[in-house]
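With chain A fixed as given, assemble chain B onto it according to the hints.
Protein chains in written order, with this note's numbering: chain A, 1 to 501; chain B, 1 to 445.
Here are the computed lysine to aspartate or glutamate pairs in the DMTMM-like style, where the Cα-Cα straight-line distance is at most 25 Å:
id	chain 1	residue 1	chain 2	residue 2
1	B	K310	A	E122
2	B	K372	A	D118
3	B	K375	A	D77
4	A	K302	B	D136
5	A	K467	B	D194
6	A	K221	A	E32
7	A	K467	B	E145
8	A	K414	B	D225
9	A	K302	B	E203
10	B	K342	B	E315
11	A	K302	B	E81
12	B	K422	B	E368
13	A	K256	B	E172
14	A	K302	B	D194
15	B	K310	A	D77
16	B	K149	A	D475
17	B	K342	A	E132
18	A	K147	B	D343
19	B	K244	B	E132
20	A	K85	B	D373
To be clear, the hints were calculated from the coordinates, so they are not data collected in a lab. Computed from a predicted model, the values in this text were never measured in an experiment.
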Amino acid sequence: MPSKKKTIARLLVACVCAIGWSQMSWGVGTIELPVPTDPTITFRIWFKVGSQNDPAGKEGLASLTAAMISNAGTMRDSYDQILKKLYPMAASYGAGVDKEMTVITGRVHRDNVNAFTDLLTEAILHPAFTAEDFQRHKTNVTNYLDKTLRYSNDEAFGKEMLYDAIFANTPYGHPDAGLPGSVRSITLDDVKNFYHTHYTAGNVVIGIGGNFDPSLVNRLKSALDALPPGVPAAVAKSSPKPPDGIEAVLVDKETKSTAISIGFPIDLLRGNRDFYALWIANSWLGEHRNSSSHLYNVIREKRGMNYGDYSYIEYYPAGWARQFPAPNAPRRQQFFEIWIRPVQNEATHFALRAAIRELQGLIDKGMSAEDFALTRGFLKKYVRHYAPTTDLRLGYKIDDAFYGIPDHLQTAEKMFDALTLDDVNRAIKKYLQTSNMKIAIITKDAQALKQALVSDAPSPMTYATPKPPEVLEEDKTIAVYPLKIRPEKVVVVPVDSTFMR
Amino acid sequence: MRRWWVALALVAVYLGIGATVAKATEKIFPYAYQQTVLDNGLTVILIPMESPGIVAYYSIVRTGSRDEYEPGHSGFAHFFEHMMFRGTKKYPGPVYDKMMTSMGADANAFTSSDITCYHLEVTTDDLEKVMELESDRFQNLSYEEDAFKTEAGAVRGEYLKSLSSPGFVLRETLLNTAFDRHTYKHTTIGFGQDVEAMPTMYEYSKSFFNRYYRPENVVLLIVGDIKPDPTLALVKKYYSAWQKGYVPPQVPTEPEQTTARHAEASFQGRTLPIMAIAYKSPGFDPDNITLAACQLLGDLAFGETSDIYKKLVLEQQRVQYLRPGFGPSRDPGLMSIYTMVKDSADLSAVEEEIYRTIEQYQTTPPDEARLKDVKSAIRYSFLMGLDTPGHVAGNLNYLLAIGGSMDVVDRMYAALDRVTAKDVMDAAKTVLAKDKRTVVLVEGR
Numbered sequence: 001m002p003s004k005k006k007t008i009a010r011l012l013v014a015c016v017c018a019i020g021w022s023q024m025s026w027g028v029g030t031i032e033l034p035v036p037t038d039p040t041i042t043f044r045i046w047f048k049v050g051s052q053n054d055p056a057g058k059e060g061l062a063s064l065t066a067a068m069i070s071n072a073g074t075m076r077d078s079y080d081q082i083l084k085k086l087y088p089m090a091a092s093y094g095a096g097v098d099k100e101m102t103v104i105t106g107r108v109h110r111d112n113v114n115a116f117t118d119l120l121t122e123a124i125l126h127p128a129f130t131a132e133d134f135q136r137h138k139t140n141v142t143n144y145l146d147k148t149l150r151y152s153n154d155e156a157f158g159k160e161m162l163y164d165a166i167f168a169n170t171p172y173g174h175p176d177a178g179l180p181g182s183v184r185s186i187t188l189d190d191v192k193n194f195y196h197t198h199y200t201a202g203n204v205v206i207g208i209g210g211n212f213d214p215s216l217v218n219r220l221k222s223a224l225d226a227l228p229p230g231v232p233a234a235v236a237k238s239s240p241k242p243p244d245g246i247e248a249v250l251v252d253k254e255t256k257s258t259a260i261s262i263g264f265p266i267d268l269l270r271g272n273r274d275f276y277a278l279w280i281a282n283s284w285l286g287e288h289r290n291s292s293s294h295l296y297n298v299i300r301e302k303r304g305m306n307y308g309d310y311s312y313i314e315y316y317p318a319g320w321a322r323q324f325p326a327p328n329a330p331r332r333q334q335f336f337e338i339w340i341r342p343v344q345n346e347a348t349h350f351a352l353r354a355a356i357r358e359l360q361g362l363i364d365k366g367m368s369a370e371d372f373a374l375t376r377g378f379l380k381k382y383v384r385h386y387a388p389t390t391d392l393r394l395g396y397k398i399d400d401a402f403y404g405i406p407d408h409l410q411t412a413e414k415m416f417d418a419l420t421l422d423d424v425n426r427a428i429k430k431y432l433q434t435s436n437m438k439i440a441i442i443t444k445d446a447q448a449l450k451q452a453l454v455s456d457a458p459s460p461m462t463y464a465t466p467k468p469p470e471v472l473e474e475d476k477t478i479a480v481y482p483l484k485i486r487p488e489k490v491v492v493v494p495v496d497s498t499f500m501r
Numbered sequence: 001m002r003r004w005w006v007a008l009a010l011v012a013v014y015l016g017i018g019a020t021v022a023k024a025t026e027k028i029f030p031y032a033y034q035q036t037v038l039d040n041g042l043t044v045i046l047i048p049m050e051s052p053g054i055v056a057y058y059s060i061v062r063t064g065s066r067d068e069y070e071p072g073h074s075g076f077a078h079f080f081e082h083m084m085f086r087g088t089k090k091y092p093g094p095v096y097d098k099m100m101t102s103m104g105a106d107a108n109a110f111t112s113s114d115i116t117c118y119h120l121e122v123t124t125d126d127l128e129k130v131m132e133l134e135s136d137r138f139q140n141l142s143y144e145e146d147a148f149k150t151e152a153g154a155v156r157g158e159y160l161k162s163l164s165s166p167g168f169v170l171r172e173t174l175l176n177t178a179f180d181r182h183t184y185k186h187t188t189i190g191f192g193q194d195v196e197a198m199p200t201m202y203e204y205s206k207s208f209f210n211r212y213y214r215p216e217n218v219v220l221l222i223v224g225d226i227k228p229d230p231t232l233a234l235v236k237k238y239y240s241a242w243q244k245g246y247v248p249p250q251v252p253t254e255p256e257q258t259t260a261r262h263a264e265a266s267f268q269g270r271t272l273p274i275m276a277i278a279y280k281s282p283g284f285d286p287d288n289i290t291l292a293a294c295q296l297l298g299d300l301a302f303g304e305t306s307d308i309y310k311k312l313v314l315e316q317q318r319v320q321y322l323r324p325g326f327g328p329s330r331d332p333g334l335m336s337i338y339t340m341v342k343d344s345a346d347l348s349a350v351e352e353e354i355y356r357t358i359e360q361y362q363t364t365p366p367d368e369a370r371l372k373d374v375k376s377a378i379r380y381s382f383l384m385g386l387d388t389p390g391h392v393a394g395n396l397n398y399l400l401a402i403g404g405s406m407d408v409v410d411r412m413y414a415a416l417d418r419v420t421a422k423d424v425m426d427a428a429k430t431v432l433a434k435d436k437r438t439v440v441l442v443e444g445r
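The following block holds chain B by itself, in its conformation from the complex:
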């Protein structure tokens, strides 16, 4: 078992962001935390903070739709999220629900490409009961085939609901076009035909649980009104019997993209044209300067304070919105620019304007003052989002899913601080390269 305490210089100074910004090389995360890896591989992160009587309890499974590498089984991580509420022999679904109700828990879950996260906010008094229930369902999930098939109906309803959004159609087309082999090719909810076939996959669902819902693949994050040592003792009491057995998914490597791609899709309803221009990006590495530079580049080049935003959104008003999506993903993914164009006749001009902006960043380093502003905004934004246990856990869970450990938080923000104007220019050259581009356009009727 590994265990260590991290006592940061800024422990008491969530109240003092100014100091953090001024000393950019210091660690950013302002709370003390305790990270422990149990013998069975379960990573436990405990973050005490002032929040009278309230605890956020996050079970982070480092599995998302990325892990659905077997043909015909896309959407299973999300579907499985639903099944986790069906209970165990000890606490069947209705009993689990009733106990959650009696605790007044704010309980829910979500799935994305890299994570399935089960989150609760409860009172401190109920922490042990929650731990007993959550550890039980993660170890002993049990459901009958009929219940499995019924839940497939709910997932189908969710899929059909998604289709009424042009944004979903854009995302689905973008991923399907940009990726050939990697599982990022499908959206989290899965390919439509796979969603339809889910009711026949009962046996597979048990295999999915046995391979991925294992302690080595889970981070347990508890934030709020807790005392670390007794809380860790409870974690050991309830989770130590959980057996190892994680089987890593055989996620295919995406071949290098060598030519630009383009796709168009139609939306059955009305919408203004929506365009995504996306580039293949590096996978998550908290120390990777290119990746960090990309995150800054997104805001610099296409954020609300960029020149192109001023021109296209505010002055010429040719687009309804323009926004970057340059966040990290566990495996090499996409850095995307999204825009909604007011007049189809302007599509080419808007697209060219975006390319001109990219070329500018590929040839000229950004202004130092603007780079400083972006770094400041990113840090303030992160720190201002740490005011409740739910917000702390909500802001950390994705990084923990793709990084696996609390140290990645400080490392990633340290890398962001190290980025120079030249790094941004180099990232623009290497990542936003024409050959690695995919453009998708969705138009309505």
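The following block holds chain A by itself, in its conformation from the complex:
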């Protein structure tokens, strides 16, 4: 439990941050990041609406609405005309939608800021909502859900299946893009109503960074003040049901290799001292796309089983495409995740055992003093690479405002100095476990895998190439490592049936 003094301090920080950014009754809020040496100006217009606001049966509505603002015509210009105006500036704007927030983003050279701002505000204030644009976006999303999500990137699919399982029956419990059935049911009127409800002056914060003139901020504020007043009703925090033992969903699909994702909810957010302690432990266990990751070392480096193996203590968007986490996907409910990149189909059970065994090993033994010192030193420098640009720094500032905390990345650097090995090992025991987890696997012959999993059958590993004796000896232990998965906790789903609800 936090001390009373710390709690008060956090409340004060939260209040100060809130005053710094949130909308007051007399106008739109702003988050400013002046960078006089940056010749560009970056915009992140934050609307406090996300896929958690999708009405039941209309999942995907927040994303579709954002697309109809950021990639469609306005009352003044068709989308084609907008593209032609933006093109010579090499500028663009777009939208990112996560569970809790929608951010309209844009970046332009200061030479062109006035023309760009005009287009951007017009898009937010006066979207045309034409049937033609709506049809284009709706068809694109439907095609993505029908043809791409489940059929062209098994890693992304596996992750989405994991999130779906962890957050089932909560507002977080569907892909941001929606479901094949729900998107088909969305009408243009749904989009208009959603826009009028959520794109209000009381629900927006202007994020602006770079070499901007203060008058630009006032101009934007005045413009967005023209949005309808009001603050929409808040969505209750997603509180997922904790897993009961190991619960697995096996997607039966003709695959050449198998994607595996493992996870469970954790009640831990940025700003909490334990978050930074667990960050150190997690970095050692599974630093994203980094050979310092212990899981990577065990599964890829020593055994050559796949391309990489990582772990996370908060949502990491599009991990297959990014080296560092993108901002503006903050959440009130987080989760722990292990991502095992595709392994040969026949190695699935072994890889699963290896990863869970390593996690349990960390819980049982804690970090060593040497690993703690090395990882802490690594992170202190590594976080400096997280937000090198004005645009990313602005994104992180918005996330700080969401969490009501001071600068997260600076806090991290300080925390890494202040935390002790005991802090880290205490956090590991408090938040990590292997008894109650969700697992999503995309694989061929899922029924056979189910039988192997529920019988805890040995899964001896064979290699095409020689391995050192110590690896082969350890393999014997991994191959019989008990997972204790109950038959009723394993569901096999044909790929064509996934997300079809």
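Just chain B now, with coordinates in the frame of chain A:
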């Protein structure tokens, strides 16, 4: 040793792109840089810029899958990228990894058809240590056969992962169909059978390293919070002992294509039909007006502001996307148009629409105002991507790999500026010729 300073008129005016656009004939690259060629042939490019405490360190090997000319060895450049992380006798892989970890380095590598690039972002304090480590592994790489075979397993995993993407199947089929002899025939990861055979190629891997990982074939690019002279002194300290010995690959010349080609491939999963229409294009030459005109032509004819984009994507909505891939390659390569068609029944109509667009550009010069817009967009896009050391190095590395020297940057953009509407029409006629065309279609189940 050759050495020169390039002090540009626009040094202080990364802040002033407008001026650059207005005076289109001026050099585009806004930072001062120092380029030096050491006695052993290593090209060193140092670009100081404001970036408190951060340095981007790029070792650019001018070898990619293009250099895999020996049958049965496709995919080796990429595989070798993996092996470079296995360390040396002085700093074995685990020690190298631990030192990188202690530095908090953002370290990675990538391979394409023309380049293998090892890139790090580190703090300035760690620059000398990084230089010691990187120079050591480029000169003294050492790994055992078992480690080599284990890494082959990781590469196989990467190959299998790629197969779950219809885009990869399209690319693999396109290259295999369009090229007969040149090594662009295979993708960077290699032919499947060659990837399977990699574990048996230990001895070959050492030969690959000895021939290609030589100073004459490498550009060392360091950008960020550095002082050029002391940095160059460090480079000399750590790299001067690296011995020459580059053996150029015997990359076969592709015979001239004389008839149009067509291929279809099936994707085991679901996908909307994807089509590539590609034409043989000239190899990289920064001064080549035809090549420059092609780069503009791609955006003019098939970019987001083109008439066909408006018609097929926005109005008729018959395609999910339409995009040009008209960038340069070191050797004669492909200029490609990619599209995803929503209904198979529309494939022929979409294909014909693309041909009609090409015919239009072959017979009518583009509108001057649009040509100006494309030039403006290309320049702003380049300059806006130079805001951090990592972005500067990220934007330069490919040009340096195919051009070998910083001057190609300004020369290429100068050529883009010189392109006239007639040049665009002439390029459309000579490059987008029917006989040099390859069409590939991928459909799902």
